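Which chain is which? The protein sequence lines are A and B, in order. 1 is the number of the first residue of the first sequence in my numbering; add one for each residue after it. 1 is the number of the first residue of the second sequence in my numbering; add one for each residue after it.
Since the hints were derived computationally from the structure, they do not count as laboratory data. Hints are not guaranteed to be accurate.
Identical copies look the same in the list; a pair holds intra-copy or inter-copy alike.
Said to hold, decoys possible - With a straight-line Cα cutoff of 25 Å, these simulated SDA-like cross-link-like pairs (lysine to any residue) come out:
#1 K158 - E134
#2 K158 - G67
#3 K316 - D109
#4 K161 - P102
#5 K370 - L107
#6 K66 - R103
#7 K340 - E134
Quick caveat: nothing in here was measured; it's all calculated off a predicted structure.
2 protein chains.
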Amino acid sequence: MKDRPTEKDFIRVFSRVFQLKNKPLLFGSEFDDCAVLKLASLSQNLLAESLTFSTDTVRESTDFPKGMTLWQKGWMSAAVNLSDLAAMGSKPVAFLFSAGLPRSFTLEDAEEFARGIQECVSFFGAEVIGGDTEYNEELSITGTVIGILENKNVIYRKNAKPGDFLCVTGHTGSAGVALSVLLNRIPESASDAFLKNLTEPFPRIYEGMMLAKSGAVNSMIDTSDGLASSVYELSALSGVFFEIDEQKLPLEPEALEIVSTRLKRKTEMNELNEDQTAQEARLILIHESLYTGGDYELLFTIPPEKLSVIEEVFRKINENAAAQLKTYSSAGKSGRYPCKFTVIGKAIAEKENVNIRQTTYEEQRLPLLKRGYNSFTKDI
Amino acid sequence: MKDRPTEKDFIRVFSRVFQLKNKPLLFGSEFDDCAVLKLASLSQNLLAESLTFSTDTVRESTDFPKGMTLWQKGWMSAAVNLSDLAAMGSKPVAFLFSAGLPRSFTLEDAEEFARGIQECVSFFGAEVIGGDTEYNEELSITGTVIGILENKNVIYRKNAKPGDFLCVTGHTGSAGVALSVLLNRIPESASDAFLKNLTEPFPRIYEGMMLAKSGAVNSMIDTSDGLASSVYELSALSGVFFEIDEQKLPLEPEALEIVSTRLKRKTEMNELNEDQTAQEARLILIHESLYTGGDYELLFTIPPEKLSVIEEVFRKINENAAAQLKTYSSAGKSGRYPCKFTVIGKAIAEKENVNIRQTTYEEQRLPLLKRGYNSFTKDI
């Protein structure tokens with residue numbers, strides 16, 4: 001049987017038809033998170049400030065794990081779109097959506113769902129400016145987010161340079177662990193706050209804006225489709241390769257604890273001692289980090305000499321986080337700050353592969369699998 | 001059994017949650033076709049030029065009658081969004097979409113569908129700047145269109161004044177007749193060009209821009225949900241009422257012919273003579289005009305003293321139509337120009353109803369039914 005076309009296959013067709021490349025006025029979103037509209041192109045009277053646009057759909061069957069509240073589904077619908085702006089260092093301005101509501105939806109349901117959207121959009125400084133609804137077999141929502149770029153340096157995916165440090169914000173793998181907790185229906189093993197890593201994605205808007213402002217970042221992308229997938233995107237578009245050190249991945253302590261607890265419960269693992277369990281848990285969490293989507297952190301590259309600039313950027317981010325978090329905490333949220341960044345690898349020119357350096361059992365370099373979340377290859 | 005909430009019920013909830021009203025910077029799209037973003041609000045360095053945004057979803061089961069080609073489905077997906085810009089007198093700049101493709105879709109299918117989008121968007125002077133796709137149970141596409149307003153006079157739905165003439169562009173009822181032809185599977189009774197009234201909606205972008213530029217229009221909306229529904233929108237938001245003269249509705253000769261032919265075929269109508277058949281056909285077509293969606297004409301109100309200004313506007317529109325139509329004709333299209341406008345009624349203050357003046361059998365004024373296309377009340 002012939003393989004089904006992948007999302008990328010379709011996008012390639014679309015890109016050709018829409019001739020997204022090399023448009024003088026508009027930067028297409030074929031290879032970046034957002035389309036960019038240069039205001040200067042609209043009128044000679046405008047300054048060279050840009051607008052950014054991005055559109056994304058989330059649906060009950062493929063994007064909302066069982067157990068999510070309607071408020072969370074609303075929050076997530078906005079957050080996944082905002083994260084695309086974050087990856088361009090853009091400031092959100094406005095959000096529009098078109099929602100398909102299941103026939104069982106009540107007006108109270110609509111209100112809770114809308115409040116989730118509203119709280120996410122307004123927390124990140126934007127406004128909902130329009131919407132459209134109709135009935136659908138399942139809850140689905142397409143959001144479009146509009147942002148502005150306050151400076152001229154647009155951060156694309158394509159400008160990673162050999163020698164760049166590869167960095168990631170926050171923790172990796174937590175959303176993947178939270179998903180496996182929800183799918184296995186053992187939520188009691190994780191705290192509410194931890195599950196929100198998956199159910200209330202936190203777009204790194206503020207971090208993206210501060211990184212863009214620093215002028216120190218060569219390339220950036222979010223990790224929503226999984227770290228491996230995002231690294232391959234940077235690699236393909238920048239023409240560089242990467243070497244990742246698995247020991248550097250910023251794993252969250254509670255994630256390790258949840259995985260360890262689950263390992264201990266399994267009969268066949270009972271003979272593992274404490275250290276071995278911890279080691280196995282790390283390996284599982286590294287796997288979640290690389291190949292499961294949902295983390296919505298920023299993955300970016302910087303020239304090594306800019307490391308101290310970025311350290312200063314994150315010092316400022318965390319200094320200001322208290323004010324940032326005021327609204328968000330009232331929405332029952334926590335655990336996103338302080339936000340660190342971690343150098344997890346580097347860009348290289350000489351190899352024709354993206355490698356991962358494994359050291360858990362014996363040191364070896366293996367090709368990173370080109371895998372990640374792709375709703376196209378997942379059977380519903 | 002309790003009635004299902006209508007689209008308007010849901011929108012009311014959303015509007016409350018998103019507090020769309022009275023925002024200083026943004027004009028929400030609660031009551032208008034587009035959200036408007038005042039660029040002046042983004043930066044003091046920008047002129048008071050506005051961007052407009054609108055988003056809309058179309059789906060196989062509710063929006064694409066059987067028999068439509070994939071190219072037409074693509075064209076329609078863009079056209080329904082562009083029509084919202086037309087109703088604000090806005091010039092299209094950019095189009096983004098998020099498409100759900102059925103699993104049976106081939107890359108050739110995607111290409112044909114994309115070409116339909118591309119030809120529509122580029123015909124009306126805009127560019128596709130981004131897209132997102134995934135698999136879905138049925139073909140569905142949410143488009144977001146971005147436009148600019150070249151002058152400061154935004155035409156809303158809310159400014160119709162008592163005494164205003166109510167005008168409509170083009171013909172009314174043709175899409176409804178085309179739909180009934182397709183549903184009854186007797187396409188041989190209609191020309192290909194006629195069926196395009198339904199399957200290749202032609203947003204009145206150029207007409208909307210020229211009307212906005214004239215400064216003579218008080219209120220405007222498109223007729224995509226049916227004339228009656230659009231008149232009620234203008235009425236509710238402007239606080240005026242309307243009287244429509246059914247004899248003035250601009251019916252298309254081929255539409256009358258199709259309906260007459262169908263009437264003659266029906267056994268029970270055989271006793272009608274030629275005149276009676278024509279009269280019955282007119283009544284059916286008037287009904288289609290008022291209560292069936294899909295026409296995508298512009299419905300607008302003007303102060304009576306501006307009639308000659310509008311006549312001059314349409315003289316110019318048709319003078320320039322040859323150039324406008326060059327591209328479009330090559331896409332196999334026709335019948336949209338010359339574009340006339342027709343005064344079909346007037347806005348009144350004194351009555352508490354929207355009336356239709358009927359004169360076919362005996363003269364009478366009846367309340368216009370508050371009915372139209374609403375995907376919420378239609379069972380799939």
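Hints the structure fails to honour: Structure breaks hints 2, 3, 4 and 7.
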